[in-house]
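S.K.: Take a look at the letters that make up each chain.
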Amino acid sequence: MSVERRPLMRRVAIHLGLVPFLIFALFPFYHMTLTSLKQDRELYDRHAVPLIITQGPTLEHYSKLLWDTEFLIWTKNSLMVTLLATGVSVLIGTLAAYALARMRFLGVGTFGTGIFVTYLVPTSLLFLPLAQVVNWVGLADSKWALVLTYPTFLVPFCTWLLMGYFRTVPKEVEECAMVDGATRLQALIRIVLPIAIPGLVCAVLFAFTLSWNEFIYALTFTSSSDQITASVGVTSELIRGDIYFWGSLMAGAVLGSVPIVILYVFFLDYYVTGLTAGAIK
Amino acid sequence: MAVRADQIPVGHARPLRMRVRGWLDRESVLGPVFVTPALLLLLLLVAYPFVLALYFAMSNAFIGRPSEFIGFRNFIRLWEADAFRQTFQNAFVFTGIAVAFKVVLGIILALLLNEQLWFKRVIRGAVLLPWVIPTALSTLGWWWMFNSLYSVVNWTGLALGIMDPPGPNWLGQKYYAMAAVITVNVWRGLPFFAITILAALVAIPKEIYEAAHADGAGPNARFWYITLPLLKPVLAVVVLFSTIFTFSDFNIVYVLTHGGPINSTHLFATYSRMLMIDVGRLGEGAAVSLYLFPLLVFVVWAQLRFVRKQAY
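Just so you know, the protein sequences line up as chains A and B, in that order. Under this note's numbering, the first residue of the first sequence is numbered 1, with each subsequent residue one higher. Under this note's numbering, the first residue of the second sequence is numbered 1, with each subsequent residue one higher.
Take the hints with a grain of salt, since some may be wrong.
If the Cβ cut is set under 8 Å, some of the chain A residues that face chain B in the computed set are [unchecked claim]:
#1 Thr149
#2 Thr152
#3 Phe215
#4 Leu268
Simulated from the structure, these hints should not be mistaken for laboratory data. Computed from a prediction, not measured in an experiment: that's the story for all the values here. Heads up, the beta-carbon is just placed ideally off N, CA and C, and yes, glycines get one too.
For reference, chain B alone in the conformation it holds in the complex (with noise of 0.2 Å):
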């Protein structure tokens, strides 16, 4: 394909503009010149970041004052501090709460979608509507759902009998916090499984299941024996997705607890951009997110070897 503007016979010498022409047809030219501005991008905006992140996290910089190399004695002494400590340890149970939630929820909502529907797009729509709003902008919502004084949710538990007066302190007290915290986490990024989950469902050949359904399977066999293995992969592929941005979520956090009370729901980005920004301790704050790299290694490991064949 790339030689065929030398193959074209143009007489004598062939004019610049042809030569270029056929210079540029070339995918050894072309191709690079492509991806060159998207590669200046990911180059001096995503790695050059990257590295200094790394740079400051072994420094003691500090806003506005020059910095020296301290080795390993950020992560350190983050660790050894209780609020960090609290920190990972809440970075944990969220995530891990929070997607086994939306795994399950997931799964039943993508169920039921892919059953014969009276208003299929409607619903479909306003399933995935919390995926598509401004996540900070909703959880203020939230916060107003959670206030202390005015809860809708203590309301409807009180009218109901479920909650005994005056209700529980969502945002004020440490477990419930972190209660709220998934709750929300939950309610955002639901659609994304559920849609997911349903595109695969689809995509399961009906005869599987005529034929299992003549050889006398019951719709609970059905669906351990076909429908989960089947899903698997895509299960695979929408968890790592999940608990990389579950893990490093702030939005949710930041508008509703602050990471308050006392740490309770401080996650690694919220608690890095708190040392930052009310602290001004740049090296720690470095340190802090970095914590999040050995996990995103994992994810991008596991994607490439077991669920992308192909690295692209």
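The following block holds chain A by itself, in its conformation from the complex (with noise of 0.2 Å):
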């Protein structure tokens, strides 16, 4: 009670508790990145600190990452799968979420019931059967196989997330145009969509992040290094047999890392609007 009398206390003690919350949030990142930029002798010397580099940071696990592995080619194949599904993904899911927000058909509900039950379905429990469907169509081992199946949770991601934005588009709106002669494409592209932008941003940015984020598929699917992700690369292609070179991993990890964190840093409110709307609606 005395607590609350006093605004500035409280507000001092909120963010103490907080406090335990953001070590725990953040020191991961932070000792990767440390650990990047640590010289070999001071990294596994096991009495110095491990908290703060001591002997000068170095650039040579970037290097050695950038020059001595394939992690460019890597990122070059994460980028190019990530952006074709997340194409792909946006304009499947911006129809059906229109066709599921505005219009009545036959099937309409049945429909919207398969889209939400895909949107829960985990990617591990179709992995599986899914790369045999991948040998078959011919796409064993290779980046195209990430870009034909990454629309399977995209694609309801999207849709779901889009529907939300179209239905508080009003729909006098669009009557008005179709009054004026407009048909309902041109009404979806010209008036519903441009009003819808924030939700398209929405689902952009997380169709990329979810295809960026990929393991499983990426990992069961491609194999061979010119093939392979960011992800599977970093993991699986930088440890080899016993000896572990955790300068150039950690420098892995927080390079691979930067193009989410690029796109996080601009667009951290759709991130948040995003997440709920996904849970909540």
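Dock chain to chain to rebuild the complex, using the hints, since each chain is given by itself in its own frame.
M.R.: Listed below in structure tokens is the structure:
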């Protein structure tokens, strides 16, 4: 009670309460980055303090990662797969979401339920039979297998997210346009989509993040080092035998996260709204 | 709306383009057209593989060998194998403990974030970070933190005097390995809980608290009798959602422990992949991942039945 009467004290107490959570959330990233910048001498010195750099930072691990491994190729693969899968999924998702949000036709209810159910299916349930499907269509050990399969979890997500946004666009706006002679398609492209741009940005961001972060499909469907993605490359190609190159490994983990961090810094608010929109509606 | 094209007086015969246009404007035509790409995708790459999984699970499929139907023998054989039983038990221990921690910590964190903060955006950004970074890569960071020789966790524990030297070998001992795997899962899943619960907290009208305050309810009473009951629907969604994805987790266990030591951290997904890739037993691998299916059915049913009154 006494705390409540002193707002400043209360505020300080709240911030202090947040400190352990912030340390828990951020320390792994701090430690990863720190390790990637340490010289080997210090890194493997069991008497050194692991929380800081005392013997000077080095970019040696990064240069080793970039020039002595195929990290750049893996990143390029990740980027290609992610961009294509995101583009295709947002397009398919937009059409499906609009139909679900606005139109009545035979089977629309069943389809909506189907999308929702698929949204809940974890990728680890289907990776095994999908690997066979990928083999049969001749895409074994090819990054194109990822472009083909990523939409299976991206489309339900985009559809679900965009449907919510489309529902917030007042029907009257579209109807006005159609009274003026626009077709449904024109109304969608010229009227609804511009209003729903925040939703589209959100869908693109999440689709990008989900496919960049995808791991089990990439690990199972591809294995040659010119086909794998960044996550798979760093976790499997940099770990050979029992000797780990921790510096380069951490450098890979840091660099592999950079594209997401950049997006995240610029679009934080979209991530927050997208996250809550995905779960509550 | 849909018949408007026909109502426009256009002289005698409307040109073909107009007719196609009018036809495409009908919801009963355009709707299915819009939905077709998504539907094809779901049928070919979700429904069909699922049927395939059912078939594999009931066959003795082995990589590179024709398979025969063997009924439920895979499921029975798995159930009789110690490694699978261990996996089954792990999945429940892992999910139960991790989800419990995420709920409790998520509520606490959301309550803190809901207060007046000085750097609101920055703090929220920091809290959400573990959730957006590629899990496989951030887990590598944890792997290094739990390293048997250079563990920073142990170094800190020893420095603070709460561990006896040399400290636990996190990934090499049964219970510690499970604790490590759960920790990383909580770390990665907590932002989802906190941010979603926060959104629900913000939506609770202030007047309710003011009324309760006027009636003499203290902070505790307000939490137990107002906040928690009003959070229930959102908590139900988040818990159901998280349960299915924690249960089917793959990345963390694969990177951190590979299921070891001696299967003590294997989950369905990692065990299934091991049977398929390392041993080549497609049939048993498919059967393992299908053990996830009843839970999925329950979660979907609960979501549709209780949480969303409308099916879509």
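S.K.: When the nearest CB of chain B is found for threonine 152(A), is that gap smaller than 8 Å?
M.R.: The hint holds - threonine 152(A) has a Cβ within 8 Å of chain B, the shortest such distance being about 5 Å.
S.K.: Was the hint right that phenylalanine 215(A) lines chain B, CB cutoff 8 Å?
M.R.: Phenylalanine 215(A) check passes; min Cβ-Cβ to chain B is 4 Å, inside 8 Å.
S.K.: Leucine 268(A) was flagged as interface toward chain B. Is the shortest Cβ-Cβ separation under 8 Å?
M.R.: With a closest approach of 5 Å, the leucine 268(A) hint holds.
S.K.: Under 8 Å, Cβ to Cβ, is where threonine 149(A) needs to be relative to chain B, so tell me if that hint holds or is violated.
M.R.: Holds, about 6 Å.
In this structure, none of the earlier numbered hints is contradicted; all agree with it.
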